[in-house]
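**Q** Below, each chain spelled out in residue letters.
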Amino acid sequence: MLESIRMVYGYDFTEYAEASVKRRIQHFMRLKDVKDVPVLAKLLLQDDKFFEEFVQELSVTVTEMFRDPTFYKSLRQNVVKRLATYPFIKVWIAGCATGEEVYSIAILLKEEGLLNKAIIYATDINQKSLQKAMEGIYQVESMKAYTLNYQKAGGLAAFSDYYISKYDGVLFDKSLRQNIVFSPHNLVVDRSFNEFQLIICRNVLIYFNQQLQNKVITLLYESMCTFGFLGLGNKESLLFCDKRANFEDVDRREKIFMKKN
Amino acid sequence: MEARRQYEAVVIGTSAGGLYALTDLLQPITSQFLLPIIVVQHRSKGQRDLLESVLQSKSRIKIKQADEKEKIVGGTVYIAPPDYHLLIERDRTFGLNADAVVQFSRPSIDVLFESAADVYKDKLIGIVMTGSNSDGAAGIGAIRRVEGVTIAQEPAEAQFPLMPDAAIKTGHVDRIMTLKTISSFLLDIGT
Numbered sequence: 001m002l003e004s005i006r007m008v009y010g011y012d013f014t015e016y017a018e019a020s021v022k023r024r025i026q027h028f029m030r031l032k033d034v035k036d037v038p039v040l041a042k043l044l045l046q047d048d049k050f051f052e053e054f055v056q057e058l059s060v061t062v063t064e065m066f067r068d069p070t071f072y073k074s075l076r077q078n079v080v081k082r083l084a085t086y087p088f089i090k091v092w093i094a095g096c097a098t099g100e101e102v103y104s105i106a107i108l109l110k111e112e113g114l115l116n117k118a119i120i121y122a123t124d125i126n127q128k129s130l131q132k133a134m135e136g137i138y139q140v141e142s143m144k145a146y147t148l149n150y151q152k153a154g155g156l157a158a159f160s161d162y163y164i165s166k167y168d169g170v171l172f173d174k175s176l177r178q179n180i181v182f183s184p185h186n187l188v189v190d191r192s193f194n195e196f197q198l199i200i201c202r203n204v205l206i207y208f209n210q211q212l213q214n215k216v217i218t219l220l221y222e223s224m225c226t227f228g229f230l231g232l233g234n235k236e237s238l239l240f241c242d243k244r245a246n247f248e249d250v251d252r253r254e255k256i257f258m259k260k261n
Numbered sequence: 001m002e003a004r005r006q007y008e009a010v011v012i013g014t015s016a017g018g019l020y021a022l023t024d025l026l027q028p029i030t031s032q033f034l035l036p037i038i039v040v041q042h043r044s045k046g047q048r049d050l051l052e053s054v055l056q057s058k059s060r061i062k063i064k065q066a067d068e069k070e071k072i073v074g075g076t077v078y079i080a081p082p083d084y085h086l087l088i089e090r091d092r093t094f095g096l097n098a099d100a101v102v103q104f105s106r107p108s109i110d111v112l113f114e115s116a117a118d119v120y121k122d123k124l125i126g127i128v129m130t131g132s133n134s135d136g137a138a139g140i141g142a143i144r145r146v147e148g149v150t151i152a153q154e155p156a157e158a159q160f161p162l163m164p165d166a167a168i169k170t171g172h173v174d175r176i177m178t179l180k181t182i183s184s185f186l187l188d189i190g191t
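Line order of the protein sequences matches chains A and B.
Just so we're aligned, residue 1 is where the first sequence starts under my numbering, counting upward by one.
Just so we're aligned, residue 1 is where the second sequence starts under my numbering, counting upward by one.
A portion of the hints provided could be inaccurate.
Said to hold, decoys possible - Think about it this way: if two alpha-carbon atoms lie no more than 30 Å apart in a straight line, the pair counts; the simulated DSSO-like pairs of lysine-lysine are: (1) A:K35 / B:K123; (2) B:K121 / A:K22; (3) B:K64 / A:K243; (4) B:K64 / A:K152; (5) B:K45 / A:K144; (6) A:K215 / B:K64; (7) A:K215 / B:K71; (8) A:K144 / A:K132; (9) A:K81 / B:K45; (10) B:K123 / A:K22; (11) A:K35 / A:K128; (12) A:K22 / B:K71; (13) B:K64 / A:K73; (14) A:K243 / A:K73; (15) A:K22 / B:K64; (16) A:K128 / B:K45; (17) B:K169 / A:K35; (18) A:K174 / A:K128; (19) A:K22 / B:K169.
Stated by the list, open to error - Listed below are several chain A residues computed to face chain B (Cβ distance under 7 Å; list not exhaustive): (20) E18; (21) A19; (22) S20; (23) V21; (24) V62; (25) G113; (26) K117; (27) N203.
I should point out that these hints are in silico values taken from the structure, not numbers from a laboratory.
Positions of the beta carbon are idealized from the N, C-alpha and C atoms, including for glycine.
Just chain A, same shape as in the assembly (with noise of 0.2 Å):
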């Protein structure tokens, strides 16, 4: 079904990690009331509404603010200083999901007195995710959660001077998006664009197979710059792509790399 899917509508779900795309179909199987996969590859290759629902279904991811906040201090004490040299400063957020990695690595450089010289460029496969990014708007009980690893990421400041709260939403401050573009991008079919200082891809590589993830890790090297930095998922790392040797371990622990050559 996947196969066909690729070659209809041009999405490549065949080299997602099985297990967790398998529980995403069966999940979106539930909610729309389909029996079984028959049924379900006839609606979809009917009906293009029906599937972009699936492939947002299929590729929806969730996170937070300073999600693992050791992370954010390693950047801080690893890398901004390293950033700082820079005249002007790419990041790529691949996979920003809803953008609370996004408004983080905002903060962060702000607090250092980077982000008027950065360009964040933030995307995802997810339109509506994306969309949802774009608005930066969160809910007001996710606050209490995210202040936290705020505070234990090294936050300089209190984290409710970033954000204003307005009915049960909170609204982050615009200043923080003057700098951040989002746009759309397929990791999987869609090229390099740029050249970045840092990449930050969190918590996408695990839904790939190995010979995809190997693919899209050639595809971050090859769009920074020599010395940028990588960081990655606290459960992801390089040690089986071919790109391994070209990389030098900054922080083991927190998944971040610097590109040799």
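Given chain A's structure and the hints, the job is docking chain B onto it.
**A** Relative to the frame of chain A, chain B by itself:
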């Protein structure tokens, strides 16, 4: 249970009280054990590998945190990492994902059990132990549907009986056993 079935894996789900229960359960088991034992223990995401080292200090069998794409082998107890769901791929490697919480949990026992049932079918043994929520109950149903073996810790013995109770209430648990008898059963089929 039929005389001899070639089992392939054991999955265990536990929450509150799980560290003590796991310590007791694993006590008689060594690295000679032929099957992999794959565990979801609900845990705080702040502590990345404390659980593994504490459990290792009390066990004879090798304990390790499950890594992404890692090949699953016997004689090892794999623990799901904090803040990720743990899944089994068809090629007997681990998959991780950061999808939404299931039963208020990540890692979730249901997620592990359902994906393990998909892969190991009737060669899977699923065990639900002490805990104070109902994660694992749906997973036990999934294992039962593929005719794997389903076991719940005797709730009277469990420090927190709610979780084994919830599994038993589904009607899909084959055996209700004390930790001691579960250990002997495992040794019996896996050595």
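**Q** Go through the hint on G113 of chain A and say holds or violated, using the shortest Cβ distance to chain B against 7 Å.
**A** 29 Å, violated
**Q** Against chain B, with CB atoms and a cut of 7 Å, does the hint on A19 of chain A hold up?
**A** 4 Å, holds
**Q** Are the Cα positions of K22 of chain A and K71 of chain B separated by 30 Å at most?
**A** Since the Cα atoms of K22 of chain A and K71 of chain B sit roughly 20 Å apart, the hinted pair holds (cutoff 30 Å).
**Q** Regarding the pair K64 of chain B and K152 of chain A, is the alpha-carbon distance no greater than 30 Å?
**A** OK: K64 of chain B and K152 of chain A at ~27 Å, within 30 Å.
**Q** Decide if the proposed pair is consistent with the structure: K174 of chain A and K128 of chain A, CA atoms, cutoff 30 Å inclusive.
**A** Holds, at roughly 20 Å.
**Q** So if I understand the rule, the pair passes when the alpha-carbon distance is 30 Å or less; does K121 of chain B with K22 of chain A pass?
**A** 16 Å, holds
**Q** For the restraint on E18 of chain A, tell me whether the closest CB of chain B is nearer than 7 Å.
**A** 6 Å, holds
**Q** Hinted pair, alpha-carbon criterion (30 Å max): K81 of chain A, K45 of chain B. Please report holds or violated.
**A** 29 Å, holds
**Q** Closer than 7 Å between Cβ atoms is the bar; does V62 of chain A clear it against chain B? Give me holds or violated.
**A** 5 Å, holds
**Q** What's the verdict on K35 of chain A and K128 of chain A, does the C-alpha distance respect the 30 Å limit or exceed it?
**A** The given pair, whose Cα atoms are some 26 Å apart, holds under the 30 Å limit.
**Q** What's the verdict on K215 of chain A and K71 of chain B, does the C-alpha distance respect the 30 Å limit or exceed it?
**A** 21 Å, holds
**Q** Has the given pair, K45 of chain B with K144 of chain A, been kept, meaning a C-alpha gap of at most 30 Å?
**A** 16 Å, holds
Against the hints set out earlier in the document, violations occur for numbers 23, 25, 26.
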